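Place chain B on chain A using the hints.
Listed here are the chains, written in short residue letters.
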Amino acid sequence: MSLLLPLRYLSGILKVYYSIVCLWNDTLRLITSRDYKMSQRMEVDGKTALKRLQNYLNNYYFRKIVYSIVTLFGISILIFIIARVLPGDPARLALGPRAPEDVVEQYRKLLRLDQPIYVQYYYWLIDVFHGRFGLSLVTFRDVLTDITEFLPATVELIIFTLIIDIIGAFSLGVLSGRKPNSIIDNSVRIFAYAGIAIPSFVWAIILQLVLANWLDLLPAYGRLSLGIEVKRITGLVTIDSLLSGNLIAFGDAVAHLIIPSLSLAIGCIAQEARILRANLIENVNKDYVLNMYAHGIPGSTIFFKYALKPSMIPTVTIMTLDMASMLGNAFLVELIFNWPGLSRYGITAMLRKDLNAIVGVVLVIGLAYTIASIIIDLVVSYLDPRVRHRR
Amino acid sequence: MQKTSVQELKFIELERKIKRENWRRMWFRFKKSKLSILGLSMILVLLFMAVFADYVAPYPSHAGLHIAFKNAYKPPSLEYILGTDMYGRDVFSRIIFGFRYAFMMIGLVLSLVAPTGVILGLLAGYYRGTVIEAIIVRLSDIFISLPPLVLALSIASILEPNIFNAMMAVSLMWWPWYVKLTYSMTVSLRNEPFILAAESQGASTLHILFKELLPIQLGTILTKVTLDAGWIILIGAAISFVGLGAQPPTPELGTMVSEYSKYLPEYWWMSLGPAAGIILIILAFNLLGDGVRDVFAGE
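So the protein lines, in turn, are chains A and B. Residues 89 to 479 (the numbering used here) are what the first sequence spells out, left to right. Residues 40 to 338 (the numbering used here) are what the second sequence spells out, left to right.
Hints listed in this document are in silico derivations from the structure and should not be mistaken for laboratory results. Take every hint as true, because none was put in to throw you off.
Below, in silico cross-link-like pairs of lysine-lysine (DSSO-like), each with a Cα-Cα straight-line distance of 30 Å or less: (1) B/K70 to B/K58; (2) A/K267 to B/K71; (3) B/K219 to A/K397.
Here the structure is a predicted model, which means the values were calculated and not measured.
Only chain A is shown next, with the shape it has when bound in the complex:
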């Protein structure tokens, strides 16, 4: 029975997803088709039904999501190999060098290390599906409990970083793309070189030193100042403080967020602003823009309505890579700012060779990155109709 368990999960997920896609497509058809009543009257024979099914399977979003599920399984195999094959002996590592040999042997049996590798992977996968990552050697608690405790802080940091990143990149890109070779454009160019050359952990140290220690504008460490407490509802301090109506705590939490998320965002802002600028300048010189000028459409309308949208496509595409660098750099930035998030927990686990915790953290980050790249792909397909219809 247990052999079929993952298969059942998979087929269940696929069924749920397929029904969602069908519903979604039917709703779209309901909204978009003008002759909906006509199509209602038409009879659907077997051939049309098959064709419709093929269309669903060829659907861009469907393929995207099936592909990411496959990749997620790939990630799980990779992480499993990292966790099981590279080190000498997981049982010895878990119990420490002074544990007696028979205890280690017992533990090895418990971890099924005496069985072939694919059997190990199968049981490990079942455990992961049930949320059993094992015991953390850092906190001596279940890894899943730790993850649920530390994840909200990182989510808060990343979301705040994304907000800063999107606002900064688009405003700087539009400002420098609107008037090429102006003072603003040149200063953005210098800023872009600085943003690319300076790693985010160096930004973190510099910003902490200048803004927090020398100018004393913002707090240097942690999520909240001493003496301010917020009841944990969602785990996101800013939202919790708003929910409980504690405005002082909200201000404090935002002040604590600014430097870490700024140091994470600056590199991405620089890169995205440059790409947006280059594409804006390229698109403004195209024939369709000239055509619009000839029709007497005002310049700002052309710029913001017709030139900006296609220029956003490469910028949004590059955000997948920036998201990856953000999630990676969060490890360093959380360490510097003593931010009680998942990445700092991951670093502590890595430094103590706590395999269960490393696996849990990397899996969660892999999942988050996959979801983020799906969302970015969807945004790109909204902006660029050519992507949607590519087979």
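Just chain B, lined up with the frame of chain A:
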């Protein structure tokens, strides 16, 4: 012995001339931008300092373990350009030795990663639609679907923390990007007439891969190599900063930033010095990369 006719000699001479002309043309395109000249000269200076660190550094003995507590915590002055650290070591001398590790890292990682990735990418692109393609492309996709730094950190965490294993971790994480680059280019070149011509003349697979497909892509690959050098420094410094790479007595730039950042904000010069070193080397490689891109973009 076969005699070469005058005409053939002339032809060989002409070929050489064209080659020389090509180099001159590339140099012309490169030097058009002053920034790329700046990047090249910065790299040459840094490389010189790294190679002759024992002669350039004011205090060569301060690189490793050296304790002189009477000189500790001195701010920047004429005697110690970037100040001294908590053991009384000259920070500037240590940074110069740090460049040595940085260049070592670039050299080792790129020489491991670029050939492997390029060969795998060529194979996958040439054998399109076969098992070889499926395996190589899926494998590299899996490596790419994790954030690079997270993958590098998790690999480094399992190995013993030293600079050599940090390089291994970076290499393990880096090869799929070269596969992706060469694969996409090879796929688009695969059905070109000149490949078909070579195949119909009975050229071997090795000839097609390395004499027909590779030379066209070399410019793009070279551009990526120069641009990647900066990123390798960044990732390597990040691994060391966390404490999974080189360990403290080693004058590695990331390790130094991490070691000295404990003494912020009072002794700021200690950690800002190595940080500036990292910035300088990344900036230099980025400027050079832009220049190299200009050289090959015109073709």
